[in-house]
Amino acid sequence: MAPVSTSFFLNFYFGQTVAIAGTNTPDAASFSVNIGHNDETLALHLNPRFDASGDKYTIVCNSKKHGMWEQEVRPGGFCFFRGQNFKIIIKLTCGAFLITLPNGFQFTFPNRFCSDEYSYFCFDGDASIRSIQIY
Numbered sequence: 001m002a003p004v005s006t007s008f009f010l011n012f013y014f015g016q017t018v019a020i021a022g023t024n025t026p027d028a029a030s031f032s033v034n035i036g037h038n039d040e041t042l043a044l045h046l047n048p049r050f051d052a053s054g055d056k057y058t059i060v061c062n063s064k065k066h067g068m069w070e071q072e073v074r075p076g077g078f079c080f081f082r083g084q085n086f087k088i089i090i091k092l093t094c095g096a097f098l099i100t101l102p103n104g105f106q107f108t109f110p111n112r113f114c115s116d117e118y119s120y121f122c123f124d125g126d127a128s129i130r131s132i133q134i135y
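For the sequence shown, the numbering used here gives the first residue as 1, with consecutive numbering after it.
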């Protein structure tokens, strides 16, 4: 199955939480959740990798500024399964994104741009997104 890419604009403000529900493909290599201002300026790139880019069962987080990737963070906690549903919860705080994975594992990734609003969402790779809820 070819990787899918979907992008759209939706206001996401400081203090809000976004819940993303999806399903990994049975042969998933990786997928990514991207939040930022546009495709060249991503505040959060959350990339679970089943087997991609030389990584196996690894989560890679990063940000992209003016098209240039910054320093990767590998928080651990990989808990995704091929062909299975998942739910990721992301809360935007002043200094960080608080991310909760499907098994309840939590970690933070710095809000490197210190913005209190992001509106660009993009989902790439071997997963289909079923719902997005901001509250």
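Worth flagging that the hints you see were computed from the coordinates, not collected in a lab. Incorrect hints may appear among the rest.
Here are the computed lysine to any residue pairs in the SDA-like style, where the Cα-Cα straight-line distance is at most 20 angstroms [said to hold, decoys possible]:
| no. | residue 1 | residue 2 |
| --- | --- | --- |
| 1 | Lys56 | Gly125 |
| 2 | Lys56 | Val73 |
| 3 | Lys91 | Thr41 |
| 4 | Lys87 | Gln106 |
| 5 | Lys56 | Thr41 |
| 6 | Lys87 | Phe121 |
| 7 | Lys64 | Asp27 |
Here are the computed distance ranges between Cβ atoms for each label pair [unchecked claim]:
| no. | residue 1 | residue 2 | range |
| --- | --- | --- | --- |
| 8 | Cys94 | Pro26 | 17 to 27 angstroms |
| 9 | Asn38 | Phe81 | 26 to 36 angstroms |
| 10 | Asp27 | Cys94 | 36 to 46 angstroms |
| 11 | Ala21 | Ser119 | 25 to 35 angstroms |
| 12 | Met68 | Phe8 | 22 to 32 angstroms |
| 13 | Gln71 | Gly15 | 38 to 48 angstroms |
| 14 | His66 | Pro26 | 17 to 27 angstroms |
| 15 | Ala21 | Tyr57 | 16 to 26 angstroms |
Keep in mind the model is a prediction, meaning the values are calculated, not measured. The C-beta atom is built at its ideal place from N, Cα and C for all residues, glycine as well.
Tested hints:
Distance restraint check for Lys56 and Gly125: the Cα-Cα separation of roughly 15 angstroms lies within the 20 angstroms cut-off, and the hinted pair is therefore satisfied. With a C-alpha separation of about 15 angstroms, the suggested pairing of Lys56 with Val73 holds against the 20 angstroms cut-off. Of the supplied pair hints, the one linking Lys91 and Thr41 holds, its CA atoms being roughly 19 angstroms apart against a limit of 20 angstroms. Taking the CA atoms of Lys87 and Gln106, the gap is near 13 angstroms; set against the 20 angstroms cutoff, the hint holds.
With a C-alpha separation of about 26 angstroms, the suggested pair Lys56 and Thr41 falls outside the 20 angstroms cut-off, and the hint is violated. Distance hint between Lys87 and Phe121 is fulfilled; the C-alpha atoms sit about 16 angstroms from each other, no more than 20 angstroms. Pair hint Lys64 plus Asp27 does not hold up; C-alpha atoms about 27 angstroms apart against a cutoff of 20 angstroms. For Cys94 and Pro26, the hinted distance range of 17 to 27 angstroms is not satisfied, since their beta carbons lie about 40 angstroms from each other.
Distance hint check: the CB atoms of Asn38 and Phe81 are about 32 angstroms apart, consistent with the given range 26 to 36 angstroms. Judged by the Cβ atoms, the range 36 to 46 angstroms given for Asp27 and Cys94 holds: they are separated by roughly 40 angstroms. Taking the beta carbon of each, Ala21 and Ser119 are about 20 angstroms apart, not inside 25 to 35 angstroms as hinted. Checked against the given bound of 22 to 32 angstroms, the beta carbons of Met68 and Phe8, roughly 24 angstroms apart, stay inside it.
For the pair Gln71 and Gly15, the supplied restraint of 38 to 48 angstroms is violated, since their beta-carbon distance comes to about 26 angstroms. Between His66 and Pro26, the C-beta spacing of about 37 angstroms breaks the proposed range 17 to 27 angstroms. At roughly 21 angstroms, the beta-carbon separation of Ala21 and Tyr57 lies within the given 16 to 26 angstroms, and the hint holds.
Checked against the numbered hints above, the structure breaks hints 5, 7, 8, 11, 13 and 14 and satisfies the rest.
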